[in-house]
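**Student:** One letter stands for each residue in the lines below.
Number of protein chains: 2
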Amino acid sequence: MVPIFRYQEMEQKEENDLNLKAMNAEELREQAHKMVDFIADYYKTIESFPVLSQVQPGYLGKLLPDSAPTCPESLQHVLNDVQEKILPGVTHWQSPNYFAYFPSNSSIAGFLGEMLSAGLNIVGFSWITSPAATELEAIVLDWLAKALLLSHDFFSTGQGGGVIQGTASEAVLVVLVAARDKILRTVGRTALPKLVTYASDQTHSSLQKACQIGGLDPELCRLLKTDSSTNFALSPDVLSEAISDDIASGLIPFFLCANVGTTSSTAVDPLPALAKVTRTNNIWFHVDAAYAGSACICPEYRHFIDGVEEADSFNMNAHKWFLTNFDCSLLWVKERSALIQSLSTNPEYLKNKASEGNMVIDYKDWQIPLGRRFRSLKLWMVLRLYGLEGLQAHIRSHIAMAAYFEELVVQDKRFKVVAPRTFSLVCFRLLPPPNSKDNGNKLNHDLIDLVNSTGSVFITHTVLSGEFVLRFAVGAPLTEVRHVKAAWQILQEKATALLQIYH
Amino acid sequence: MVPIFRYQEMEQKEENDLNLKAMNAEELREQAHKMVDFIADYYKTIESFPVLSQVQPGYLGKLLPDSAPTCPESLQHVLNDVQEKILPGVTHWQSPNYFAYFPSNSSIAGFLGEMLSAGLNIVGFSWITSPAATELEAIVLDWLAKALLLSHDFFSTGQGGGVIQGTASEAVLVVLVAARDKILRTVGRTALPKLVTYASDQTHSSLQKACQIGGLDPELCRLLKTDSSTNFALSPDVLSEAISDDIASGLIPFFLCANVGTTSSTAVDPLPALAKVTRTNNIWFHVDAAYAGSACICPEYRHFIDGVEEADSFNMNAHKWFLTNFDCSLLWVKERSALIQSLSTNPEYLKNKASEGNMVIDYKDWQIPLGRRFRSLKLWMVLRLYGLEGLQAHIRSHIAMAAYFEELVVQDKRFKVVAPRTFSLVCFRLLPPPNSKDNGNKLNHDLIDLVNSTGSVFITHTVLSGEFVLRFAVGAPLTEVRHVKAAWQILQEKATALLQIYH
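Same order as they appear, the protein sequences are chains P and L. Per the working numbering, the first sequence starts with residue -14, numbered consecutively. Per the working numbering, the second sequence starts with residue -14, numbered consecutively.
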């Protein structure tokens, strides 16, 4: 006899114990509607929070118990805690007064896509585990390749294709590893300690981290010096010289990461001239346009990636400035087999006819993790609910607001714009008073602290040629001209106050 | 004069062009309520879909246009396409008839947590970018460490701590890299090609992939043979011998990945005995309990990770069997400084007082990517909305259903259970008829194809000691005893049909 009674007993007990079922369509409906209202109310009141959280380290441990609850609690109880305990510790990236780092766009379409993806909750490592997840990703990346006027080599219909990574860090790691293994297949594994990576000193720290993870000699990650004479772009001559020196020392140049829109100042490396150098020297040419790539769907900004047709791989983050919720980093490669050779695994428990027949893409072999979310849904929804024209308007409005901010800075002679504004980032600083002992670095450090501690605005900084510089990055979807004006007013007021003390 | 009119014009144009605002509280509310109903209706009708998608490769390209739309479309239009074009290509991981691979739980609480995290859409790389995200993560991982009775060394209050990775693949990669760099700091970087990694041949393919990515010699990733004599667990003697041989050959053993609940058959490696071997040989001891770790919150299953107190790192996936939506992989380490030494970066543009003062955790230095989602929210909501008792009931119900299925298999003499059922996975096969030329592999291959093509159930396979074996993994939150019964009935029917052909 099958002891069926046991399971009935168990199910009964479960019903009594749990207030909320693990899953149930009607309970999900009821609770999720409450959550929608909570989130909509958050956006309604988002300007009432300090943009940069003002809590002290360890604040939350004092507010929460030190063990997980034994018994279930109600959603209302949890939402009260979110309001009272969590939100004070949140730095509000979606606030219209957020001008820090680079933006990380949440949009209605992106949010809806996240909801749908979380609702289906599939794990799309192989085609078979949800053909729609793989196919929609390839299609949407082809759509965007087309919108960006990428060459056909980057389309999935050829030898290349696009893939959604979590972040630009992962994108650069997978192409670095693919390039590493490709050259090692030629020169032999023992050459690993001789491989040299190149980028400008303005490149994102993720490149050095990728070298560390990939077992490359960190000393051979050459971050070539830039300065204001090239607007902090990498000079092809400097690159050529470094490569020649390394070859002369018996080393093996194998990878260049060029940047379109660096993190510090949105510098743009000269892709066509760099491409020539990489071609001559058989170097993998990666173009990182994590932030600025989004702008290139506008015809008037497309020229910033001229030369990308010579690249081996190209990356932009839809989660930065393309209305797609985090995370969604788009990577295109010309030679997908290079990725697959480095990253594929084929354990028995994942084998299936479609994969064995080489009829399909299995994105697990294009990325670091095995599991993967249905990320293309949100990008697809963004493209459809806004259309390319809507996205172009979004980009243009932010760039126009940054240009406006730049003009405001220029008109106040106490300030200086320290690097050309190319996209929606303005790098500027308050000039130290004449005869000041401070070169301006302390002054601007103090200024940013004063401004951010108001809670009314959040901006961050960088250092360019030794100068501490303020970064004003426009890009939050809720930002309007009035927020830019208000931010500038706070900056002016705090500058006035500081200069009085400095005098 | 500041040319303010330009921006007004632009804003006007934007309003005319976009049907849906990039972000707006009331429009978000309206659209997100629609999406809630769509998702709730999906769960209501989930049993009406074939569990395993039955589409052919390339199906979606025929249904979608080949360019992104220029103009915005309506949400209703997109949802119609989801229903008609996307859902047929979805393999329904949340179906109660899904018994493939391992489960990937979606729950009401997990879904609500995803919604909230997507709504806030913060990027929590450093403490300052949302202190609540970092602090809640440390707190919730401490809660779970407590629930799992991990030793205090794994708590964030000591030298260790927990962190949420995307997947177990990323977890094993970061500890492998930390272990690699730790030993290289002692023996020198030139020893990289001599480093040896160990695991059983049942370990997950992510270990080999991590070795590939980390620049380790793939030939020196030793997957030690197991068989049914140890129920496919790694023998400490076999490990000892391999290590001795490698040392004798001048190689450097440095990493062991032990498994609690292997992917093929949920085999459990003997942690205490393996720990002795690693201690003697100064080897990093990682315990991968990606699937089975969840069960260890039940006192009666906790003994399966006895010995974890000797480990350097421990991993379980809350997104598998802990009601937490994908992705959410929990990693604990005893020595967080080892992770940080390998993975930290400190670019100027991310510097801030809290980080510089070493007062806070910056999780960017515990993981591969820089950016990170607010993943702890969903885990916290799962713990609070279900409580530990609710989670234990969930685990127990699945194990009871798997035990029930196992009894059903045992009662049908045409079938055989081929590995002990320890958790909620049953490994079994249909026995070939006497005098059959087939050893049963083709028979079971045909059986699984027949069963999965009904669309009424989805199971996957593995190979154990050369035998093609069917895996029946219970774990979807909607699964009830009736679904297990129905699945067994289909298996029996198709077996009967097949055996008639084979005779």
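Hints may be right or wrong, so weigh each one.
Copies of the same chain are indistinguishable here, so a pair counts whether it falls within one copy or spans any two.
[Claimed, not checked] Derived pair list, reagent style DMTMM-like, types lysine to aspartate or glutamate, alpha-carbon separation capped at 20 angstroms:
1. K336 / D434
2. K179 / D166
3. K47 / E69
4. K338 / D138
5. K19 / D202
6. K336 / E32
7. K210 / E333
8. K19 / D231
9. K427 / E452
10. K29 / E12
11. K6 / E204
12. K6 / E452
13. K29 / D166
14. K6 / D26
15. K19 / D166
16. K47 / D66
17. K29 / E465
18. K422 / D51
19. K47 / D166
20. K131 / E333
21. K470 / E391
Since the hints were made in silico from the structure, they are not lab data.
**Student:** Are the CA atoms of K47 and E69 at most 20 angstroms apart within a copy, between copies, both, or neither?
**Tutor:** Result: close within a single copy only, 13 angstroms intra versus 50 angstroms inter.
**Student:** As a check of your reading, is K6 near E452 (CA-CA no more than 20 angstroms) within one copy, between copies, both or neither?
**Tutor:** Neither. Shortest intra-copy (57 angstroms) and inter-copy (39 angstroms) distances fail the 20 angstroms Cα cut-off.
**Student:** When no copy is named, should K19 and D231 be tagged within, between, both, or neither for a Cα gap of at most 20 angstroms?
**Tutor:** neither (61 angstroms within a copy, 60 angstroms between copies)
**Student:** With 20 angstroms as the alpha-carbon cut-off, assign the pair K47 and D66 to within, between, both or neither.
**Tutor:** Answer is within; shortest intra-copy Cα gap is 13 angstroms, inter-copy 48 angstroms.
**Student:** Evaluate K6 and E204 at a C-alpha cut-off of 20 angstroms and name the case that applies: within, between, both or neither.
**Tutor:** neither (55 angstroms within a copy, 48 angstroms between copies)
**Student:** Regarding K29 and E12, is the shortest C-alpha distance of 20 angstroms or less found within a copy, between copies, in both, or in neither?
**Tutor:** Intra 26 angstroms, inter 11 angstroms, cutoff 20 angstroms: inter-copy only.
**Student:** Taking 20 angstroms as the upper bound on the Cα-Cα distance, should K336 and E32 be classified as within, between, both, or neither?
**Tutor:** neither (51 angstroms within a copy, 25 angstroms between copies)
**Student:** How do K19 and D202 come out at 20 angstroms by Cα distance, when the copy is not named: within, between, both, or neither?
**Tutor:** neither (52 angstroms within a copy, 53 angstroms between copies)
**Student:** For K47 vs D166, is the C-alpha pair at or below 20 angstroms within one copy, between two copies, both, or neither?
**Tutor:** Classified as neither; 49 angstroms inside a copy, 36 angstroms across copies.
**Student:** Using 20 angstroms as the alpha-carbon threshold, which applies to K131 and E333: within, between, both, or neither?
**Tutor:** neither (37 angstroms within a copy, 36 angstroms between copies)
**Student:** I want to check one pair: K29 and E465. Are their C-alpha atoms no more than 20 angstroms apart within a copy, between two copies, both, or neither?
**Tutor:** within (15 angstroms within a copy, 41 angstroms between copies)
**Student:** Is it within a copy, between copies, both, or neither that the alpha carbon of K470 lies no farther than 20 angstroms from that of E391?
**Tutor:** Intra 11 angstroms, inter 69 angstroms, cutoff 20 angstroms: intra-copy only.
In this structure, the hints that do not hold are numbers 4, 5, 6, 8, 11, 12, 13, 15, 18, 19, 20, in rising order.
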